[in-house]
Amino acid sequence: MPNFGYYYYHLYLWSYVYRPGALAISVIESYYDPIFMGIIFLIYMLVLAFMVKMRESASGLSKSELRIFCVAVVSFLYESFFTCWSFWVPPLLPDQDMLMDISSNFFWILDCGLFALVMLVFNRNLRKKMLQLTRTSTVVVITQN
2 MPNFGYYYYH
12 LYLWSYVYRP
22 GALAISVIES
32 YYDPIFMGII
42 FLIYMLVLAF
52 MVKMRESASG
62 LSKSELRIFC
72 VAVVSFLYES
82 FFTCWSFWVP
92 PLLPDQDMLM
102 DISSNFFWIL
112 DCGLFALVML
122 VFNRNLRKKM
132 LQLTRTSTVV
142 VITQN
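2 is the number of the first residue of the sequence shown in the numbering used here; add one for each residue after it.
No lab work stands behind these hints: they were computed from the structure. One should not assume that every hint holds.
In silico BS3-like cross-links for lysine-lysine, where the CA-CA straight-line distance does not exceed 30 Å [claimed, not checked]:
#1 Lys130 x Lys64
#2 Lys64 x Lys129
#3 Lys64 x Lys54
Computed from a prediction, not measured in an experiment: that's the story for all the values here.
Working from the sequences, and respecting the hints, build out all of it.
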């Protein structure tokens with residue numbers, strides 16, 4: 002859509018274009034993101050309460066469900082940090098434009114791989130399969146004449 006875009010700024014940062022629509026979206030997004038993060042947090046608390054209730058029942062709570070919940074919590078905490086860093090920290094450090102731009106880009110790159118990294122930490126089977134991919138193996142090929 003015209004006037005609502007991003008542009009690549011200073012070879013290390015994506016930012017909103019300086020047009021009325023994009024600037025309005027940047028203000029809206031700075032409130033929209035934390036509100037939805039709060040809603041997600043409430044949902045996580047409901048899931049946690051449900052998991053505690055299941056643990057007290059006869060069926061119990063499996064370790065894999067707890068690991069999945071831990072992955073979700075770590076991802077949520079990082080997304081909350083990233084949202085605060087992106088929208089609320091820059092006004093507190095007005096003289097640190099270069100630091101904020103580079104660190105925001107770094108945190109964005111980390112954000113892209115965080116879920117995969119956390120899954121590798123919490124999922125033993127996935128971790129074993131990844132290690133098997135990195136090991137060298139010898140394949141013997143037998144041909145008939």
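Hint by hint, here is what the structure shows:
1. Note on Lys130 and Lys64: the hinted pairing holds, with a Cα-Cα distance of about 20 Å set against a maximum of 30 Å.
2. This hinted pair checks out: Lys64 and Lys129 have alpha carbons roughly 18 Å apart, not beyond 30 Å.
3. In summary, the hint linking Lys64 to Lys54 is supported, as the alpha carbons are separated by about 15 Å, within the 30 Å threshold.
In this structure, none of the earlier numbered hints is contradicted; all agree with it.
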